[in-house]
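Based on these hints, arrange chain B on the given structure of chain A.
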Amino acid sequence: MAVYKRSYKGYTGVLTPPSSRFLILARYGYARLMRSKFVVIFLAVCMFYPLACLTYIYAAHNPAFLARLSIPGGRLPPVDGRFFYLYCNVQGALAYLLTAFISPALITSDLANGALPLYFCRPFSRREYVGAKLTLLLGLLSIFTWIPGLLLFAIESNLSGWAWMQTHFWIATGIFVGLVIWIVTVALLGLALSAWVKWKLAAGALVLGVFFAGAGFGAAINEVMRTNTGTVIDLTQVIHTIWSDLLRYDAGIDMPVTTAWIALGTICVICILLLARRVRAFEVVK
Amino acid sequence: MLQPIQTDSAVSSPPPKTPVIQLDRLTVCFGRREILGGLTVSLTGRTIGLLGPNGAGKSTLIQTLLGFCPVSSGTGTIFGHDIVRATRQVRALVGYMPENDAFVAEMTAVDFVGMMGEISGLPREVALERAHEVLFYVGLGEARYRELGTYSLGMKQLAKLAQAIVHGPKLVILDEPTNGLDPPARARMLRLIREMKESGEMQLVLCSHLLRDVEETCEEVLILKQGRIVHHADLAVERSANQRFVDLETVGADAGFAAALAGLGCACSVSVPGRFKLVLPAGFELKEIYRLAGERDLQIRHLSYRRDTLEDIFLKAMEN
Chain A
1 MAVYKRSYKG YTGVLTPPSS RFLILARYGY ARLMRSKFVV IFLAVCMFYP
51 LACLTYIYAA HNPAFLARLS IPGGRLPPVD GRFFYLYCNV QGALAYLLTA
101 FISPALITSD LANGALPLYF CRPFSRREYV GAKLTLLLGL LSIFTWIPGL
151 LLFAIESNLS GWAWMQTHFW IATGIFVGLV IWIVTVALLG LALSAWVKWK
201 LAAGALVLGV FFAGAGFGAA INEVMRTNTG TVIDLTQVIH TIWSDLLRYD
251 AGIDMPVTTA WIALGTICVI CILLLARRVR AFEVVK
Chain B
1 MLQPIQTDSA VSSPPPKTPV IQLDRLTVCF GRREILGGLT VSLTGRTIGL
51 LGPNGAGKST LIQTLLGFCP VSSGTGTIFG HDIVRATRQV RALVGYMPEN
101 DAFVAEMTAV DFVGMMGEIS GLPREVALER AHEVLFYVGL GEARYRELGT
151 YSLGMKQLAK LAQAIVHGPK LVILDEPTNG LDPPARARML RLIREMKESG
201 EMQLVLCSHL LRDVEETCEE VLILKQGRIV HHADLAVERS ANQRFVDLET
251 VGADAGFAAA LAGLGCACSV SVPGRFKLVL PAGFELKEIY RLAGERDLQI
301 RHLSYRRDTL EDIFLKAMEN
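Protein sequences appear in the order of chains A and B.
Just so we're aligned, residue 1 is where the first sequence starts under the numbering used here, counting upward by one.
Just so we're aligned, residue 1 is where the second sequence starts under the numbering used here, counting upward by one.
Chain A with its partners taken away, still in its complex shape (with noise of 0.2 Å):
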């Protein structure tokens, strides 16, 4: 139907495979976002850190550039496990700010106004649309967390040679299972506590209220019960239990690495039930 006929006509065309249409969301989605400029400051700001680290390793390998700063010893610190355990926490925890920011964005506006039924009235479902929004979280989180992780593992391999990028390959392996499981785990709770409330405000609040609720109440619990289970709803020990783990680095934190596994894993499936009684066309009162 042409605009100037002003007459409804049927379509008749092509049509899109449904597997990929998840992605249009996230098309639109990220479209929304970039107009943002916070978003896009923060998202520069948080390549300062992976940047500064490639000045480190750059360092690390340039003796002269090392004896104009007059560095003591004339040597820093090597790249390990323990480099780039300090790089997942610094990248973790903008991931989680961010999360905290973006993933309001993403899901109360879709909530506030009723936009839910319109989605599942057509060949779209509840799991294509939390996979929308997950891919263009994750998508965003990957930028600055486990890519550049590897983008400098790969760096430091370049410049130690492949004797060391064997011995070390560990190293690229806890980069990626860690940073991609924090992230997965942070979009999670970030869709999850979202959708269960419809104001980005309070819901942003709510994101990063969890995680210092759940380190405050960690903190409570082994107080007056003078234990250390309460350590396992703070996250943060959580995630610090298995990057220290996966990198081979003694953080102290006491705290069994399977336990942390398995109250990680508690977290995702308490998010994923949360996004299932959520994200629904319609409320049954029963």
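Check each hint, because a few of them may be wrong.
[As the list claims (entries may be wrong)] Below, in silico cross-link-like pairs of lysine to any residue (SDA-like), each with a Cα-Cα straight-line distance of 20 Å or less:
| no. | chain 1 | residue 1 | chain 2 | residue 2 |
| --- | --- | --- | --- | --- |
| 1 | A | K9 | B | E125 |
| 2 | A | K200 | B | G149 |
| 3 | A | K9 | B | G141 |
| 4 | B | K156 | A | L111 |
| 5 | B | K197 | A | S7 |
| 6 | A | K198 | B | M107 |
| 7 | B | K156 | A | A112 |
| 8 | B | K170 | A | S7 |
In short, the hints are calculated from the structure, not lab data.
Just so it is clear, the structure is predicted and the values come from calculations on it, not from any experiment.
Quick look at chain B alone, frame taken from chain A:
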């Protein structure tokens, strides 16, 4: 990669005479509460009105057809596709305009409608082109670059209609489309519904508690009450089915004609000479009127049944 529409069974045209909607003992329960109880009906009209008082189960029926509500027992099909087993195919054929607010406030109308078109399977360029077209069609052409959050209620209703038809569905389900509209906006909405019906491109289900909206647009009605079908009829047939009320005009000397009709058991009133309003008794045959007129040498100039309005039909259904 794009797929030819001909190979996608989900969007193939319905075969001739396939009922638009067919229900067979369809029951829906929320918890222990039965919302829809054993609905059995076959709807074939081009425009189907879904009527009933508030809480009758109209919206639940629509949501069940779209696969939003779990079916407790029985079956339902849309163009032959099972609403439980082939939900995706059903949704590919349907456009839905919900009753309540449904939009993304931060998106412009053209982005929103285009996105909905793409999710329905239209290629990106086609979806954008059709988004512009349908927004012009519904009368939002000049406001299509405005964010939906800034729209008035009437404009939001039109935007909802636009997203429901952007992908060219075979069946459009409109849930209370005139809710909250002022008279000009309501007239505009009804005109659009009539135009869509007359385009022959789609079939429509209009769910409303406003009898006049349904009367103006629909050919077939399904009346629900407390989750059960209390009436289902072709509106044109139904309107003429009640043949008890007759308007009669005669020319000639009609003295005693009214009395003679009363003698045959008819309740008769004469408003002006030559004009009679009759209520016929059960089993009465019209040829008796012609016989009486013949005996008195009266010419019958006009004889017609008074048509039942949808309100009559609805009230009778409610009483039943």
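Could you grab the alpha-carbon distance between B/K170 and A/S7 and see if it respects the 20 Å cut-off? Holds. B/K170 to A/S7 sits at ~16 Å (cutoff 20 Å).
Has the given pair, A/K9 with B/E125, been kept, meaning a C-alpha gap of at most 20 Å? holds, 17 Å
Is B/K197 within 20 Å of A/S7, Cα to Cα? holds, 12 Å
Straight-line alpha-carbon gap A/K9 to B/G141, limit 20 Å: holds, 17 Å
20 Å Cα cutoff - pair A/K200, B/G149: Holds, because 15 Å separates the two Cα atoms, which is no more than 20 Å.
20 Å limit on alpha-carbon distance, applied to hinted pair B/K156 and A/A112: holds, 15 Å
Given hint A/L111 paired with B/K156 - CA-CA distance at most 20 Å: Given that 20 Å is the threshold and the Cα spacing comes to 16 Å, the pair holds.
When you check the alpha-carbon spacing of A/K198 and B/M107, does it fall within 20 Å? With a Cα-Cα distance of about 17 Å, the restraint between A/K198 and B/M107 holds, given a limit of 20 Å.
No hint from the list above goes unmet by this structure.
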